[in-house]
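Visitor: Hey, can you work out the whole structure from these sequences and the hints?
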Amino acid sequence: MDNRPIGVFDSGLGGLTGVKELVRLLPGEDIVYFGDTARVPYGGRGADTIIRYGKEDIQFLLSKGVKAVLCACGTVSSTLPAAVTDALPVPFVGVVQAAAQAAVHASCSGRIGVIATAASVRSGGYEAAVRALRPDSVLTARACPLFVPVIENGYVGRDDLIVTTLAKEYLAPVRRAGVDTLILGCTHYPLIAGAIADEMGPGVRLIDSGAEGAAALRQLLERQDLLNGRTSGGAVSFYVSDSGENFAEVGGLFLGKDVHGTVHPFTLWD
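Letter 7 of the sequence shown, counting from 1, is numbered 7 in UniProt numbering, and no numbers are missing.
Source of the hints: derived by calculation from the structure; they are not laboratory data.
Here the structure is a predicted model, which is why all the values come from computation and not from measurement.
Some clues are possibly wrong.
Think about it this way: if two alpha-carbon atoms lie no more than 16 Å apart in a straight line, the pair counts; the simulated EDC-like pairs of lysine to aspartate or glutamate are [unchecked claim]: (1) K168 / E199; (2) K257 / E245; (3) K20 / D258; (4) K64 / D30; (5) K20 / D30; (6) K55 / D86; (7) K67 / E222; (8) K168 / D198; (9) K67 / D2; (10) K64 / D2; (11) K67 / D225; (12) K67 / D30; (13) K67 / D86.
Using C-beta positions, here's what the derived DEER-type ranges look like [what the hints assert, rightly or not]: (14) A87 / R4: 15 to 21 Å; (15) G28 / L62: 19 to 25 Å; (16) R230 / G178: 42 to 48 Å; (17) G178 / V84: 35 to 41 Å.
C-beta: ideal position from N, C-alpha, C; glycine also.
Guide: Rendered as structure tokens:
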């Protein structure tokens, strides 16, 4: 057994979808979450910058004594080299591989869609992960650069005009491709899953990358005997690289509970 906390990071609020699932799966575990809200979004950055940000995010979590790291950022997960994550002193799980495995298992036709940030799409990380598991798959990837800032500003309603307009525009080529499974390749996107599902139709299975990453991390902790053994009472601490007020307001809505008093501003480059 291991009483150290689990570390989770993302560029902003989206990784809270992974935290919410971790709390459900492992209610006795303590969690430290870092949201790099001062530098969000990562999706439009170059690969070198994304790698540097990812390394800094991980080092912050390691400074908090975490026993494992969940990268709840699809952009970092699809860009950070394996040489970096393999060298970490604690286990590391990225959402890309976890989501790819779930999509391959869910798809009957092998026609799989991916929506993600521009950087994730450029990296080809999701496509490579899916094809490694199912070489005959047909992938359709679509960058959705405006989803993250819209979500970060609290526009998440299923019928919100901004959300539905963007969903219609971004998802049109994915629908035309006839996919039966769609990976929500950024952990922000499950927050607007209702609008995405409405646009894609009832025959398309949505894969929540944050939830799949959380499930994969639980399995890893179980295999390595790293769980703390508690079945309740876990605490979640939130750290952000910008003012915590907006994070607390919007994050509380996403998690379904008040997080004021648990959000701590912290500047990585101090």
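Visitor: Take the hints in turn and mark each one as holding or not.
Guide: Evaluated hints:
Pair hint K168 plus E199 holds up; C-alpha atoms about 6 Å apart against a cutoff of 16 Å. Distance check on the hinted pair: K257 and E245 sit about 15 Å apart at the alpha-carbon level, within 16 Å; holds. A threshold of 16 Å between alpha carbons decides the hint, and for K20 with D258 the separation of about 13 Å falls inside it, so the pair holds. A C-alpha spacing of about 12 Å is found between K64 and D30, which places the hinted pair at or below 16 Å, so the restraint holds.
Distance hint between K20 and D30 is fulfilled; the C-alpha atoms sit about 12 Å from each other, no more than 16 Å. Between K55 and D86 the alpha-carbon distance is near 12 Å, which keeps this suggested pair within the 16 Å criterion. Proximity of K67 to E222 is assessed by CA-CA distance (about 13 Å); at most 16 Å being required, the pair is judged to hold. Between K168 and D198 the CA atoms are separated by roughly 10 Å; this keeps the pair inside 16 Å, and the hint holds.
Taking the CA atoms of K67 and D2, the gap is near 8 Å; set against the 16 Å cutoff, the hint holds. As the CA atoms of K64 and D2 are separated by approximately 15 Å, the hinted pair is consistent with the 16 Å bound. Taking the CA atoms of K67 and D225, the gap is about 11 Å. The hint holds against a cut of 16 Å. Only pairs whose Cα atoms come within 16 Å are accepted, and K67 paired with D30 is accepted, the gap being roughly 10 Å.
For a cut-off of 16 Å, the pair hint linking K67 to D86 stands: about 15 Å separates their Cα positions. Restraint check, A87 to R4: a C-beta distance of roughly 19 Å satisfies the suggested window 15 to 21 Å. Taken as a hint, the range 19 to 25 Å holds for the pair G28 and L62, whose Cβ atoms sit roughly 22 Å apart. Checked against the given bound of 42 to 48 Å, the beta carbons of R230 and G178, roughly 46 Å apart, stay inside it.
At about 37 Å, the CB distance of G178 to V84 agrees with the hint of 35 to 41 Å.
Hint compliance for this structure: every hint is met.
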